[in-house]
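J.: Residue strings, one per chain:
Number of protein chains: 2
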Amino acid sequence: MNLEILPIHGLPKIKPGDDLIGMLGECGKIKSRDILVVTQKIISKAENQLVAIDPSDPLSHKPLVEKESVRILRRRGELIISETKHGFVCANAGIDLSNVERGQAALLPEDSDRSAQRLRDGLKGRFGFDVAIIISDTFGRPWRKGLTDVAIGSAGITPILDLRGEPDALGREMQVTEVALVDELASAAELVMGKSSGIPVAIVRGGDPTWFAEGSVKESLIRDPNDDLFR
Amino acid sequence: MNLEILPIHGLPKIKPGDDLIGMLGECGKIKSRDILVVTQKIISKAENQLVAIDPSDPLSHKPLVEKESVRILRRRGELIISETKHGFVCANAGIDLSNVERGQAALLPEDSDRSAQRLRDGLKGRFGFDVAIIISDTFGRPWRKGLTDVAIGSAGITPILDLRGEPDALGREMQVTEVALVDELASAAELVMGKSSGIPVAIVRGGDPTWFAEGSVKESLIRDPNDDLFR
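In order, the protein sequence lines correspond to chains D and V. So for the first sequence, my numbering puts the first residue at 1350; every next one is plus one. So for the second sequence, my numbering puts the first residue at 1350; every next one is plus one.
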């Protein structure tokens, strides 16, 4: 199995109310069985998850961070690591000031799985494309420097490949292995997006047929706080 | 920029002392400027990082876990999350029993950056291929279920893309963004490896020219314990 990862160039700048389904359906790049990885930022913009902030105050988005959080895990200086109302643990409740207009902050989509499902349904219903959708965002992590893109919502793709009980290459039962498929796909797509080039959608083409199934990030990927050793 | 991700099929089962450089150099798939992602397992085997364990005792590798660790972060039942002597925080000190012979456990390579550098130098010196090397392993993480592949060693590729100070797509200076390039590449490569199909090496082709530079996982990617909020 070979995979291709293709950026979608030429999408216009997204504003509240824009018809993302139409833009993607008509971009001329998409085929059925593609996996479309769409950055959170354009979903938040299209869904008008934008909030006015005071552009002269570098900390004016901080009250928003508290409002979007249900539990603060750590604070250091201006950095807050919290659990958001959506269940994600990340910095500053996923609120981002880059690639939005000055004086605005973009909140995470209300329900990224639902946003993904709506895109999937629209591309199928209006254009006949049967694609999987992943909504991606850029998160840090403990212990390792740097950020990677992960999935915050998905539709039409199984978030976790459960290989437990399958034989390994030597025929023994594997001990692990639940692969966080949608996170690996989000990271793969980020490689062609480039933070500074502003490409908000990429296609992963050639995915294994077994990947395409129903499932959501919320139900499959978020670890129950009671099972978590680091919360 | 389009990327291709290609599994390398047909490599023989690796044993201690095997000439990985020769096998990869002669496999007929590699070009200069490829990024080769090689799983830890075959590096550990080729470098004979194998230790005998009692196959009738499911916990016989646990003393090894303690020996390979410098600090235990969490324990729950049989699971140990520790900092290894190499500086990684992971489950069971990276010691793995899958895809090794019964009665053996595979430790992590002594120095995965050095292993990567040796592969890179050998492929260049003996075959003229100027490639980047990433040694990958499969780690869990807090807060999110499932595992993803990350880099534990690298050569000929910059581990972290430091975009801080570059303008974003709207011309403002970006707040973040240090992208953990080698981790995203390791995750991308895992997508074509498949835990059960035993493909230990994949090629990522088409990488941006700016990615190719010297650097090591140890120096660039491991977070200083003093800067870490979750240790």
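Hints may contain errors.
Same chains, same label: a pair holds when it works inside one copy or across any pair of copies.
When the alpha-carbon atoms are kept at most 30 angstroms apart in a straight line, the in silico DSS-like pairs for lysine-lysine are as follows [as the list claims (entries may be wrong)]:
no., residue 1, residue 2
1, K1567, K1494
2, K1362, K1434
3, K1494, K1411
4, K1434, K1364
5, K1434, K1494
Since the hints were made in silico from the structure, they are not lab data.
J.: Using 30 angstroms as the alpha-carbon threshold, which applies to K1567 and K1494: within, between, both, or neither?
T.: Both ways: K1567 and K1494 sit 26 angstroms apart in one copy and 11 angstroms across, limit 30 angstroms.
J.: For K1434 vs K1364, is the C-alpha pair at or below 30 angstroms within one copy, between two copies, both, or neither?
T.: within (24 angstroms within a copy, 50 angstroms between copies)
J.: Within a copy, between copies, both or neither: which one fits K1362 and K1434 at a CA-CA cutoff of 30 angstroms?
T.: within (28 angstroms within a copy, 48 angstroms between copies)
J.: At most 30 angstroms between alpha carbons: which applies to K1494 and K1411, within, between, both or neither?
T.: So K1494 and K1411 pass the 30 angstroms test inside a copy (23 angstroms) and across (28 angstroms) alike.
J.: Is it within a copy, between copies, both, or neither that the alpha carbon of K1434 lies no farther than 30 angstroms from that of K1494?
T.: The answer is both: 25 angstroms in one copy and 18 angstroms across copies each meet 30 angstroms.
In this structure, none of the earlier numbered hints is contradicted; all agree with it.
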